[in-house]
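> We have chain X already, so just place chain U on it with the hints.
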Amino acid sequence: MLTLLFDGIAYGMLLFVLALGLAVTMGLMNFINLAHGAFAMAGGYVLVLLMQKAGWPFLACLPAAFVATALLGALLERTIYRPMYGKPHLDQVLFSIGLTFMAVAAVDYAMGSSQQNVQLPDWLRQRFEFGSGALQLGMGAYRLFIVATCVALALALQAVLSRTRFGSRLRAAVDDPRVAAGLGIPVDRVFLLTFAVGSGLAGLGGALGADILGVEPTFPLKYMVYFLIVCAVGGTSSITGPLVAALVLGIADVMGKYYVPKLGGFIVYVLMIAILLWRPQGLFTREARR
Amino acid sequence: MSPRQSLLAPSRWRPWEFVLWAVIWAMPVVFGSHAALINEIAILALFALSLDLILGYAGIVSLGHAAFFGVGAYGAALFAKHVMPDPLLGMAVAMGLGALLGLATSPMIVRGTDLTRLMVTMGVALVLLELANKFDSLTGGADGLQGVVMGPLLGAFDFDLGARTASFYSLALLFVAFVVLRRVVHSPLGISLQALRDNRLRLTALGMTVQGRLAAVYTLSGALAAASGALLAQTTGFASLDVLEFHRSADVMLALIIGGAGWLWGGLIGAIGFKLMHDLLSTWTTQYWTFWIGLFLVVLMLAGRERLFRPWTWFKRGGPQ
Numbered sequence: 001m002l003t004l005l006f007d008g009i010a011y012g013m014l015l016f017v018l019a020l021g022l023a024v025t026m027g028l029m030n031f032i033n034l035a036h037g038a039f040a041m042a043g044g045y046v047l048v049l050l051m052q053k054a055g056w057p058f059l060a061c062l063p064a065a066f067v068a069t070a071l072l073g074a075l076l077e078r079t080i081y082r083p084m085y086g087k088p089h090l091d092q093v094l095f096s097i098g099l100t101f102m103a104v105a106a107v108d109y110a111m112g113s114s115q116q117n118v119q120l121p122d123w124l125r126q127r128f129e130f131g132s133g134a135l136q137l138g139m140g141a142y143r144l145f146i147v148a149t150c151v152a153l154a155l156a157l158q159a160v161l162s163r164t165r166f167g168s169r170l171r172a173a174v175d176d177p178r179v180a181a182g183l184g185i186p187v188d189r190v191f192l193l194t195f196a197v198g199s200g201l202a203g204l205g206g207a208l209g210a211d212i213l214g215v216e217p218t219f220p221l222k223y224m225v226y227f228l229i230v231c232a233v234g235g236t237s238s239i240t241g242p243l244v245a246a247l248v249l250g251i252a253d254v255m256g257k258y259y260v261p262k263l264g265g266f267i268v269y270v271l272m273i274a275i276l277l278w279r280p281q282g283l284f285t286r287e288a289r290r
Numbered sequence: 291m292s293p294r295q296s297l298l299a300p301s302r303w304r305p306w307e308f309v310l311w312a313v314i315w316a317m318p319v320v321f322g323s324h325a326a327l328i329n330e331i332a333i334l335a336l337f338a339l340s341l342d343l344i345l346g347y348a349g350i351v352s353l354g355h356a357a358f359f360g361v362g363a364y365g366a367a368l369f370a371k372h373v374m375p376d377p378l379l380g381m382a383v384a385m386g387l388g389a390l391l392g393l394a395t396s397p398m399i400v401r402g403t404d405l406t407r408l409m410v411t412m413g414v415a416l417v418l419l420e421l422a423n424k425f426d427s428l429t430g431g432a433d434g435l436q437g438v439v440m441g442p443l444l445g446a447f448d449f450d451l452g453a454r455t456a457s458f459y460s461l462a463l464l465f466v467a468f469v470v471l472r473r474v475v476h477s478p479l480g481i482s483l484q485a486l487r488d489n490r491l492r493l494t495a496l497g498m499t500v501q502g503r504l505a506a507v508y509t510l511s512g513a514l515a516a517a518s519g520a521l522l523a524q525t526t527g528f529a530s531l532d533v534l535e536f537h538r539s540a541d542v543m544l545a546l547i548i549g550g551a552g553w554l555w556g557g558l559i560g561a562i563g564f565k566l567m568h569d570l571l572s573t574w575t576t577q578y579w580t581f582w583i584g585l586f587l588v589v590l591m592l593a594g595r596e597r598l599f600r601p602w603t604w605f606k607r608g609g610p611q
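Protein chains in written order, with the numbering used here: chain X, 1 to 290; chain U, 291 to 611.
Extracted from the complex, chain U is given alone in its bound form:
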């Protein structure tokens, strides 16, 4: 195999990926009555995908990704309420806002250690939460932003209560984002990001600029996270302070970790796993489901993340790798 072929090999679509996407697209058709859940999963998957881009590929630890989610949600909701109810335009505006925020905050995540990055990302999300709380005439504060009416998608498909349109809309956006990210992570930029994650010093020695690359990927990730937030606001017609809360950042991180960071399917699989687990646990123990989520996290971390997304290694040899 020539070097060119071996470099291109991982970027090729595998047969099982086509099959999985076919299954995913069949979901809202087959389980039409669960369209709302499918919509939620697609939104979380898109959010996790955006986190995977910076965490799994660029190695940026973030506990404040909800900042982008919230900006997207409020951006889309406010745009629909005050300017125009068209969902696609609103989506573009929300993504633009997310990208702007990503670009503006990217200098903050270039410097320092993991701890500093954790704190700064978390701080940005908290600052936005406080701002959203303060400007309650604009955002509705703790009561949430009400009276958001979305126009029909593409001028033809209304957002119905059964969330049928919503689930297709979210899945379509998720699919587009997935295909785009698949190109990005296998492009020279994506490969240099992975090198940067593994050894920043060496990449600098090769003569590549670290800051520009990080800023680019952080901006893209911000735009995608904002898109997922906008999806939530548009499909539910509602935005509240909840979109900026800390638990959003923690949940998406958890979903990504369940699926495994650093390969794009991780976000999708993790979102499905997390939502299903959440649904099962909260019907079983409404108040205490966080205990079991916590226990799962602790066990997962003690046993090792590697083994979770390689289930076929579970029964081979005991002990973490």
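Next up, chain X with everything else stripped away, as it sits in the complex:
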């Protein structure tokens, strides 16, 4: 029971890091980017390539995955994402689905369609057991590492958003891009940086979760729904919303798949529809926005 809860939390934290970039993109530029999963996949493949081909240690690969996908994100933002900002939502959705299709087929072509194996270092393969019976808590070192990393990331991001000058500019730009631009905030550059960091976080999440989520070409399509659920349910105006949504989703998914495996994702989808019917703007959104 507690073990499941813990696994759910680890899964949820991972989803949070993966989806955070998407939440910020949606909140800031009102842009629905379905290709976000492609960045996560890119991170996973960077990790696999570096570990297998170049023999880098696991820990060194994580920042590398972050940097590589952040650069990729920045490049794409400058070249092809920017012209899409003013377009209707439908165009954005189709555009990013197209990008996703391209990423899936390209990775399939370059790396093969099979799932990539990740060799975790030995110190991540240990397992800790506490208690007994229904309250038994078994924690894999790998999942513990994920939770610790994600909590640290969440705290750091929260600090950046609420304490730094960049954070207040970002929040201002999210609330009202036009007034923010009028006050001399370089909204373009704030967004470029945010997009890059968001993509980098997705890449980091993809690399970090390589063993849980798997690294394969269909990754972006498989998890797209999950990222979108986190953003739609959590709302996009704060960091708490996606966090809570991701945790609920992670726990519900792990528990659901354990207790009623035949239903699969059923519980999660019904939960999402119910929440969206109850609060169409997401759980943690101020009512007045647009």
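If you are wondering where the hints come from, they were derived from the structure by calculation, not from laboratory data. Each hint can be trusted.
Below, in silico cross-link-like pairs of lysine to any residue (SDA-like), each with a Cα-Cα straight-line distance of 20 Å or less: (1) Lys424/U <-> Tyr259/X; (2) Lys424/U <-> Val260/X; (3) Lys565/U <-> Ile314/U.
Structure of chain U alone, referenced to chain X:
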């Protein structure tokens, strides 16, 4: 021109529309050996038409239209297997089921933003997919529903392997749906829907009910999408989980976008374009054709949808409009 005339003008049949329909009807006669492909195109066209009704006219963004398609396909297949093999009755049952689902889910698409609608429509399709997977004793699960035998159409025309009957059947249904929708979108209901799409608040201020109109159009669209699903199940004698998959919703959206949303011919032209492109690409690169579809989408969206269905503007002045 009086206001009455100017309002009625767009609803009149143009000469080229008669010509196009004549060409379409001639297709299965001339290209009898490609009847299966024509049948597939007609099914996709009907599906795209149903999406056009809610997307192009009512402005409802949906990434889960496969829900109706799947309900229609399973409804028709199960009806034929367990109750009666008559195709037309099965079609009526499937459309009824689609309409019911549309009516039941319409309160969900009235509220919220585009994102919420995307998620809810996608969620409904996913829930149905999971249900179809769970009740595999009824639906056959991942192996598909087998042993569906269709009776002859109108008691006289058997569904043959060459899909000749099937192509005429699908085209006939497509034609009926087209004529009906043509009436609907130019009726007061259709015009108010377009107003609703452009400015919902203003329509409310005019004293019109938004919810009822959306529910009506969503129900109709659900019935038509179910009809296209039923066509697939009836003409192939098979239904599998594939009819509810996400890629169905994405494909039909893509077909509609190629043809252009918001005019009924868009679904038809888009279905032809999409199927031909799909066939060409998948014979050329079997495994990686999604890459080129994706590239096409990206370019199309960057260049602007407007220019695609007005080919004569391509070479006039550069730059998106």
